[in-house]
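**Q** Here is what each chain is made of, one letter per residue.
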Amino acid sequence: MLFNSVEFLVFLGFVFGFYWFLFSKSKDLQNGILVLSSFIFYSFWDWRFSALLLLSVFINYFGGLFIEEAGDQKKKYWALLITVILNLGILIYFKYFNFFIDSFATLLSYFGYHGENWVLSIVLPIGISFYTFHGLSYILDIYYSRIRTNRNILEYTLFVSYFPLLVAGPIERATHLLPQLKNKRIFNYQQGIQGLELILWGFFKKLVIADTLAPFVAEFFNNPGNYNSATLILGVIAFAFQVYGDFSGYTDIARGVSKLFGIELLVNFRYPYFSRSIPEFWSRWHMSLSSWLNDYVFMPIALRFRGFGRHGIFIAVFLTFLISGFWHGAAWHFVIWGAYHGILYIPFIYRGKGLKSMFGAKQKGIDFKDYSAITVTFIFVLIGYVLFRADSLRSALNYYSGIILDFSFQLPSFEGKIRFLITMVLVLIMLILEVIGFHHTNPISIFSSPKLRLVRWALYAFILFLIGVFMNTNVSSFIYFQF
Amino acid sequence: MIEVKDLIPVFADVLENENIILELSTTADHVEGWDSLNHIYLVVGIEKKFKVKFTTQEIQSWKNVGDIINNLNRKTGAL
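Those protein sequences? They're chains A and B, same order as listed. FYI, in our numbering the residues of the first sequence are 180 to 662. FYI, in our numbering the residues of the second sequence are 53 to 131.
In case anyone wonders, no lab produced these hints; they're calculated from the structure. Glycine included, C-beta positions come from ideal geometry on N, C-alpha and C. Accuracy of the hints is not assured; some may be wrong.
Claimed, not checked - What follows is a list of derived Cβ distance ranges for each label pair:
1) Phe276/A <-> His82/B: 44 to 54 Å
2) Lys204/A <-> Lys101/B: 56 to 66 Å
3) His355/A <-> Phe102/B: 27 to 37 Å
Please build the complete structure, drawing on both the sequences and the hints.
**A** And the structure:
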C-alpha cells in the first residue's frame, strides 16, 4: 500500500478515526491500534512479510533482554553477537544472497567453470533494511548501556513496526521514539494542521516534481547513446531533483502522517544541495541513516583504528561508505558509489588540521556566500548520482562515456522540453519556498499567521491543482522502497 | 583520584579552546566541536595522558564527562 494510493488515504482515515475516537482512552489502546494497523499496512504487500517483521521484533526484544540480563561482560558480548548475527542473517538471506551467489558464479566463470544457475527466487521484503537497522540500534544501545530495555512488548513492537516509518524510515532511535510511546497522546490541533501541510508538501514533491522528472531520467539512462552530452548532464541534474523530491517527499508524508497521531519523527533532510562540502552533504542528506552509520559503523571502526592517526580515520570513513553503498543495494554500482564518496573524504582527512567532523558541523544554516563551494559539491554529488541511478556498473560507464567521450557543444535535445522546463521552474519554486521556510516545520506554514490565511488557502489550492494536472494515473513506487 | 580539571588540558588541546568549561554533567551536545571525530582524538589524548587503554564498549557507553572520569578512576585503580 503506497502512500500515494487511494487505498492508503482510506486506510489512514480509518486508522485516524479509530485512534482518536475509539482507542484514545489509554496509551496501550493507542499503541495497540497502531500496531494492528501497521501489520495490516505491511500485509498489503505480502502477509508473509508481516511474519518476518514479527520475527525481527521478537529477536531484538528478547535479544535486548538477554544482553541486559547477562551476568558478565563476556556473556553480554555473546548475547549481542548472536542477536546481530540473526539480524544480519535475515537481511543477508533476503537482500544479498543472490548478489553473493551471482558474483561468485561470475568469478568462477573467469576460471573457465560455468556452473548451474544457483540464484534463488527470493522476494525482497520491502523495508527490511530499515527495520533491521531499527532493531540493531536498539540492541547496540543496550549493549553500550545507553538505554535500558523496554519491557513493554507492545511499545517495542510499535517502535519497530510503526507504519509511517516502516518501509523507508526515517530510521528512528529508541531514545527519540520510545519515550513518545510511553504516554497517552492527546490530540493537538496545531500539530494536526502541520501534519496535513507536511503531507500536502510531500505529495507535491513526489507527484509533481519526482514523478514528472522520472520518465525523462529513465529515458536518458536507458538510452544514453541517443542523446548529446548536454542532455545527459541535464539528465543527472533532473535525477538529483527526482530523488530528492521522491525521498524527501516520502519523508515529509511519513512525518506528516505521524504528526496526525501525535508522534514526532526525526528530520531526514536539511537542504542537502546547498552543502559546501561532501561531509556537510552527508549531514544534510538522509540524516537518520548518516547518524546511524556514524554511531554503529564509523565510531566502532574508527575507535579500533585510533592508533593509526589519519590513516585510521580514512579506513573507518571508507569502510562506512562502502557499507552505506552496499546497504543501498546489492549491486556493484552501489558499492562503487559508496567507495566514491569515501574517496571524496580524502582531502578533508589529510589536509591542514584534518577532518573536523564525520558528517559536517553541528550548525545547519545555509551560507549562500559560499556559492562556489556549493556548486563544486553539487557537481561531485551529481557525478556520483550516475552510479546511483544506473541499473548496473556497465550502464553507468556508458552514461559517463556519453558525457565525456562524445562531448560536444550542443544544446540539450529531447522530446517534451516544455514539460521538463515547467517542472524545473517548479523545482526552483520548491527550493525557494523550502529556503524561506527554514525555521518552519514545512514551507506552507510560512503563511500560518491568521492575516495570511487567504494566501495559505490559495497555496493549498494551487498545490492540489498542480497535483491534479501533473499526477500520473499509474501509482508509482518510491525510489527508496527498493532499499 | 582524577578530577574534571585534569581533563581540561586534553579537551582544550583537541577542541582548540583554551577557555573550555567542563563539568561532570557536560555532554557532547553542550560543547562546540565535540563531535564523533574529535571524540576519537579526545580518547587518544586521554589514553596518552593517563597511560590507559579503553575498550570500545567502555568508550561507547560514556554519556558525559562524569562517565569518562569514573572510567579513568576505575582504570587507574583510584576507585
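**Q** List, from low to high, the hint numbers that the structure doesn't satisfy.
**A** Those not satisfied: there are none.
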